[in-house]
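**Q** Chains as they are written, first to last, in the working numbering: chain C, 373 to 514; chain R, 373 to 514; chain S, 373 to 514; chain D, 373 to 514.
Among these hints, one or two may not hold up.
Stated by the list, open to error - If you want a taste of the chain S side facing chain R, the calculated C-beta under 10 Å gives, among others:
1) Asn388
2) Glu389
3) Asp391
4) Pro392
5) Leu393
6) Gly394
7) Ile395
8) Trp397
9) His398
10) Gly399
11) His400
12) Tyr445
Unchecked claim - What the simulated footprint calls covered on chain C by chain S, stretch by stretch (three residues with Cβ under 8 Å from a Cβ of chain S suffice, anywhere in the stretch; the number is not a length):
13) 381 to 388
14) 402 to 410
Worth flagging that the hints you see were computed from the coordinates, not collected in a lab. The model shown is predicted, which means the values in this text are computed figures rather than measured ones. In this text, a Cβ means the ideal position worked out from N, Cα and C, and glycines have one as well.
Number of protein chains: 4
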Amino acid sequence: MKKELSSKTEVLVRFNEADPLGIVWHGHYIRYFEDGREAFGNLHGLCYLDVFKQGFVIPVVSVQCDYKRSLRYGDTVIVETKYIPTEAAKMKFTYRLFKAATGELVATGSSVQVFLSKDDSVLQMSNPSFFEDWKKQHGQDQ
Amino acid sequence: MKKELSSKTEVLVRFNEADPLGIVWHGHYIRYFEDGREAFGNLHGLCYLDVFKQGFVIPVVSVQCDYKRSLRYGDTVIVETKYIPTEAAKMKFTYRLFKAATGELVATGSSVQVFLSKDDSVLQMSNPSFFEDWKKQHGQDQ
Amino acid sequence: MKKELSSKTEVLVRFNEADPLGIVWHGHYIRYFEDGREAFGNLHGLCYLDVFKQGFVIPVVSVQCDYKRSLRYGDTVIVETKYIPTEAAKMKFTYRLFKAATGELVATGSSVQVFLSKDDSVLQMSNPSFFEDWKKQHGQDQ
Amino acid sequence: MKKELSSKTEVLVRFNEADPLGIVWHGHYIRYFEDGREAFGNLHGLCYLDVFKQGFVIPVVSVQCDYKRSLRYGDTVIVETKYIPTEAAKMKFTYRLFKAATGELVATGSSVQVFLSKDDSVLQMSNPSFFEDWKKQHGQDQ
Numbered sequence: 373m374k375k376e377l378s379s380k381t382e383v384l385v386r387f388n389e390a391d392p393l394g395i396v397w398h399g400h401y402i403r404y405f406e407d408g409r410e411a412f413g414n415l416h417g418l419c420y421l422d423v424f425k426q427g428f429v430i431p432v433v434s435v436q437c438d439y440k441r442s443l444r445y446g447d448t449v450i451v452e453t454k455y456i457p458t459e460a461a462k463m464k465f466t467y468r469l470f471k472a473a474t475g476e477l478v479a480t481g482s483s484v485q486v487f488l489s490k491d492d493s494v495l496q497m498s499n500p501s502f503f504e505d506w507k508k509q510h511g512q513d514q
Numbered sequence: 373m374k375k376e377l378s379s380k381t382e383v384l385v386r387f388n389e390a391d392p393l394g395i396v397w398h399g400h401y402i403r404y405f406e407d408g409r410e411a412f413g414n415l416h417g418l419c420y421l422d423v424f425k426q427g428f429v430i431p432v433v434s435v436q437c438d439y440k441r442s443l444r445y446g447d448t449v450i451v452e453t454k455y456i457p458t459e460a461a462k463m464k465f466t467y468r469l470f471k472a473a474t475g476e477l478v479a480t481g482s483s484v485q486v487f488l489s490k491d492d493s494v495l496q497m498s499n500p501s502f503f504e505d506w507k508k509q510h511g512q513d514q
Numbered sequence: 373m374k375k376e377l378s379s380k381t382e383v384l385v386r387f388n389e390a391d392p393l394g395i396v397w398h399g400h401y402i403r404y405f406e407d408g409r410e411a412f413g414n415l416h417g418l419c420y421l422d423v424f425k426q427g428f429v430i431p432v433v434s435v436q437c438d439y440k441r442s443l444r445y446g447d448t449v450i451v452e453t454k455y456i457p458t459e460a461a462k463m464k465f466t467y468r469l470f471k472a473a474t475g476e477l478v479a480t481g482s483s484v485q486v487f488l489s490k491d492d493s494v495l496q497m498s499n500p501s502f503f504e505d506w507k508k509q510h511g512q513d514q
Numbered sequence: 373m374k375k376e377l378s379s380k381t382e383v384l385v386r387f388n389e390a391d392p393l394g395i396v397w398h399g400h401y402i403r404y405f406e407d408g409r410e411a412f413g414n415l416h417g418l419c420y421l422d423v424f425k426q427g428f429v430i431p432v433v434s435v436q437c438d439y440k441r442s443l444r445y446g447d448t449v450i451v452e453t454k455y456i457p458t459e460a461a462k463m464k465f466t467y468r469l470f471k472a473a474t475g476e477l478v479a480t481g482s483s484v485q486v487f488l489s490k491d492d493s494v495l496q497m498s499n500p501s502f503f504e505d506w507k508k509q510h511g512q513d514q
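Use the sequences and the hints to build the structure in full.
**A** Right, dumping it as structure tokens:
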């Protein structure tokens, strides 16, 4: 059985992220997802810059967010990021956002990334070897 | 049969919307969707401010985007926004983004909005009457 | 003599804040200034929300930034925010941004804010009493 | 006498650019300046991409903005961009923002850019020859 890999990080809502309704504009949640992915990468050795050094970039090819509750300026958000194993040459994450003060679920979402070679932007149809290694090291290969 | 309601608008990619890879950061597409919704509202009388004057706000409760091609600084994007009829007390739109210079499909996506009363933020379980009227006037009620 | 009042906070450069040159787009420094002001407010009891509760909003009427060095994705920035005493009914801050890893000065800047009454947006020609109190409590009145 | 070189462009305020006070967050004006510079470049042959093709990048080393009136979602802004001749190896612009509906002055500002060689990021101490040519062609050399 695969080990569950996840991370938690805190993001403080900026004044300039709230819209005229006083709530965080929905597009900014995509940033919080990225903050979550970044924290995951820092914790588990899969940072954007790590991947870049291996010769790949990992553009997002799909993103989705369901909004449950609003966030306001001054709120602290907990971003929980979970790695979702997949056979395909992709990186998939799901996200859960919580209001730190109350623990309420604020939003859920997911993203999918692919591997492109850094130099010629060619889409990788199978996982780069560094990523296969990463999977083995983190119990995600079986 | 319902009449198909849509709009097209052009958005110019800003320098500051492109990321270190030289391509538009994926989160900005959510802005382009909003630009598309705004153009739709201007064309068909369903602007955010129109809705606000009727006593409602229409927060996005779900958004989703699939990325097909990258956009670069200097590109012009055509945002095609289509109203998707639904029985529920919701507003649903789909989006198709094209590169103006080549006509290539860049991304597809969708969003769902609900109606909250402006004053007390109560979720409307049935369509506000102004929206029922709008649907009738635009051939979306049958 | 007035006591010098300042604060330091750390900001992590987000991937989406860097532009096609790989460096942080200059407009984002204005956000870092706001992050600095916020940290100052948290430390010294002069948060935006504190001011709001007193019945005032404090729009920025002037901002200025000089860029010395570039910042890249992955950098941590130290924002040093300093309160600048003034006789006028204004709040003035200066900022110094440093690269955390090297201590190099990245940018300097300043901002000026005024007081508007929250309800009718009337510009205050003299300091609100809560702000006079704050100045006294923080050794900024003489 | 030097010919005055300027441009005007219109920018529509986006919903997500307004803050919880309902007014455009001050940091976004820096984007409007960039939109103005871009329109100036398109009109007078001095686009970012033009300069890039000549082998240079032109980072902003100084920016300043004075806010006179607030902007709201739905407003159209006229950005007037004026080239300011200077002896130094720099590009300087001033900006005036007007509310299109009323003609009221909303903000004034300025920016300074320098020339770096694209390949090695070396600061140019004298104007690149393409820029000297541009100045001559546009009556800015004497």
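**Q** Hint by hint, note whether the structure agrees.
**A** Verification of the supplied hints:
Taking 10 Å as the C-beta cut-off, the interface hint given for Asn388/S holds, the closest approach to chain R being about 4 Å. With a least beta-carbon distance of about 9 Å to chain R, the hint placing Glu389/S at the interface is held under the 10 Å criterion. The beta carbon of Asp391/S comes within 6 Å of a beta carbon in chain R, closer than 10 Å, and the hint placing it at the interface holds. Hint status for Pro392/S relative to chain R: holds, with the closest Cβ pair at about 4 Å, below 10 Å.
With a cut of 10 Å, the hint placing Leu393/S at the interface with chain R holds, because the nearest CB-to-CB distance is about 8 Å. For the restraint placing Gly394/S at the interface with chain R, the shortest Cβ-Cβ distance is roughly 4 Å, inside the 10 Å limit, so the hint holds. Hint status for Ile395/S: holds, given a least beta-carbon distance of 8 Å to chain R, under 10 Å. Annotation: interface hint on Trp397/S holds; nearest CB of chain R at approximately 4 Å, less than 10 Å.
Hint status for His398/S relative to chain R: holds, with the closest Cβ pair at about 9 Å, below 10 Å. For Gly399/S, the interface hint holds, the least distance from its beta-carbon to any beta-carbon of chain R being 6 Å, beneath 10 Å. Restraint check, His400/S versus chain R: the minimum CB separation of about 8 Å is within 10 Å; hint holds. About 6 Å separates the beta-carbon of Tyr445/S from the nearest beta-carbon of chain R, less than 10 Å, and the hint is met.
Figure legend: the segment 381 to 388 of chain C, annotated as covered by chain S; annotation consistent (3 residues with Cβ-Cβ distances under 8 Å, at least 3 required). Taking a C-beta to C-beta cut-off of 8 Å, the segment 402 to 410 of chain C contributes 4 residues in contact with chain S, enough for the three needed, and the coverage statement holds.
Comparing the model with each numbered hint stated earlier shows that all of them hold.
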